[in-house]
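Novice: Residue-level listing of the chains:
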Amino acid sequence: MVQTAGDDSRTDDPFEMAAQGVPGANPLIGGPVPDAADHVDAPGTMLPDGRPEAGVSGRSVRVGDRVFKALAAGSGAVLLVVMAAIAIFLVWKAIPAFTQNTGNLFTTQTWNPQGSPPVFGMAAVFFGTVMSAFIAMLVGVPIAVGIALFISHYASRRAATTLGAIVDLLAAVPSLVFGMWGLYFLIPQTKGFQAWMSEYFGWIPLFDNTKATTVDQFGKSLLIAGVVLAIMIIPIVSAVCREVFLQVPGETVDAAWALGATKWEMIRTAVIPFGRAGIISAAMLGLGRALGETIAVALVLNSGFRINWHITEPGGDTFASTIALKFGEAGGSPVAIAALVAAGLVLFVITLLVNTAARLVIARRKEFT
Amino acid sequence: MNGALSTAPATAGTSLRSTLVGARIPAWAPYASAAAGAGVALLLRRLLDWTGWYTTFFAAAALFVIVLTGWSFAVEGRRQAKNRLAATLVAASFVAAIVPLVLILTYIGIKGISVFSADFFLHSMNGVTSRMAGGGLYHALIGTLEQVAIAAVIALPIGILTAIYLVEYGRGTFARTVTFFVDVMTGVPSIVAGLFVYTFLLLGFGLRPFGAAGAVALAILMIPVSVRASEEMLKLVPRDLRDAAYALGVPKWRVIVRVVLPTAMSGLITSSLLAIARVAGETAPLILLTGYTASINFDPFSGDQATLPMMVWDQLGKRSGTTSNDLTEARAWGAALTLVLLVLLLNVGARLLARLARPKTR
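Protein chains in written order, with this note's numbering: chain A, 1 to 369; chain B, 1001 to 1362.
Bound-form chain A, shown alone (with noise of 0.2 Å):
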């Protein structure tokens, strides 16, 4: 019995790894019959994963073939293409703004390019966007791993996955939506809560409002924009961060139990420091998309192009904001035009960054799973 066994499997290998293309195993005993070199794909290539590729190559290569893998890499050309031109283009048409600016770039906090001589700077827009991203991260990214948390550790499993879809729908919402919430909703009920900020926390500058008399002067404040922006990450950093959470070893976890953990002691100990650098790159996943919205800022603030560092105060610019608010009025003109492609470029290349730098966290952490 044991004997047929063996021989079966012994007989069977070949052929099987034959299938998978594994380099050397020939079923054909004898040697490779010439016809069967045209069907049988001639094996040795690798997939990233490590297995054999089956694919063709060689001479047996056919026109089909050749046609389709140069669509398919044709496709992923195109997207390399798009990139660059997206960066090209900007820098591109932004150089008017660089030559004709009559303000420093980065330091001066007003804009007025349509002028003559032309004048902005970036200053209080790159506060701007900072600031409520920087709000964004604080309020959204614990509300984020928490639910992660919930979904991944605290809920029923059935419970789960509902609890996921409904987090998802979250991210489904449009950001004009949430924008539309945020001004007729959440900033005429959050008056009364920015009023007692500034009452009984003003003592911190930040959160003082040092024009506000009364409750109703308060409105339209970096704080609000960076309130809905947290509500509009959210979704996507839990998606992250429990997809992470969920891939935490068994072991680490059953051995946290059998050493009488509770279920805190045991998330503290197995779930987050596996996870920990899966909560960095969904962070900062999140803060790259803070960064650049547009809508939701936009219909929440008010312009004013200064830094104030009183976030419970009406006003405020982001990068995104300002191209959207500001476009109209640019009209004709190419230096505003170039102003706001230089925005732009900014806010393209910090969010490429912030990208580039959550990718590097995951990879990292690949290498080390």
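Any given hint might turn out to be false.
The calculated DMTMM-like cross-link candidates involving lysine to aspartate or glutamate, where the alpha carbons are at most 20 Å apart (straight line), are [as the list claims (entries may be wrong)]:
1) A:LYS211 to A:GLU199
2) B:LYS1235 to A:GLU243
3) A:LYS191 to B:ASP1299
Hints listed in this document are in silico derivations from the structure and should not be mistaken for laboratory results.
Place chain B on chain A using the hints.
Specialist: Structure of chain B alone, referenced to chain A:
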């Protein structure tokens, strides 16, 4: 400290103590804490003359956490108290995400449904001034459907073919570069994509805004989403199927076209629908590219073309001023609700499809 398995309960709960299990607070403790928190918060509201309900709610929530954790700390000790605090905060963060979703959807539903009527869907805004009743989103719906369709026609073949390349052929520097730039492209802000198409198509060729220009920007946003999702779907196709076909001597491209693609078809449709849903609600690039017109324009290749997001943007712009304008606001909400329904329909449809027809794994 962590190693100490037996915690010494400080005071209460001695009756529950056993030699094996440390003292536990009763199962009804969370409810009791919630009731206590709410009670104290209501008392505070009465005493301190709080006006809104938000303060009361948040005070009650904070009191609930404090009471429960404190109780647990007193009876069960430090580790269990920490555990309960973490569980409470995790559950709270989940509620914190669900609440905005429910608020947004109900708010927009209530606001938007008021203008829904047959007229609203079958008329354009042509000749309707901001203080006039009536008008509709027919022109915008046409524009959105046409532009998203054009974007899908451009983006989906590129996206799916790139995914095929990455899964079936992908190795070496080129494939790694493509993978990396797909990831980077996912992060390109929509306004930057719009700005690029503006400098490239409109400035470069000296054109006036037109609908298809918006579609090109939408396609740029759609491609990376489509590649990512399609890639996942193609990876689900069992390796055995491909190997069986190769063993029969089928050329690679025919294996892909006749075996891999049909097996992954439902998944690819799902991923395509999700990619479409992802861009259907985009507003930012359209502001730069498509212009806006109140009248119906069936031709996406010439002249301003309205879309649902742009109609909302336009109506909100007309509202701005000194007084609020209920009629324009209602139309904006109506258009926004239609947009949300469209996007949710695509999403739910895609997910249902994914559930109904999963690729057969073994």
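Novice: All the hints need checking, so say for each whether the structure fits it.
Specialist: For each hint, the structure was consulted:
1. Among the hinted pairs, A:LYS211 with A:GLU199 is consistent with the structure: their alpha-carbon atoms are about 12 Å apart, no more than 20 Å.
2. At most 20 Å may separate the alpha-carbon atoms for a hinted pair to count; B:LYS1235 and A:GLU243 meet this at roughly 17 Å.
3. This hinted pair does not check out: A:LYS191 and B:ASP1299 have alpha carbons roughly 45 Å apart, beyond 20 Å.
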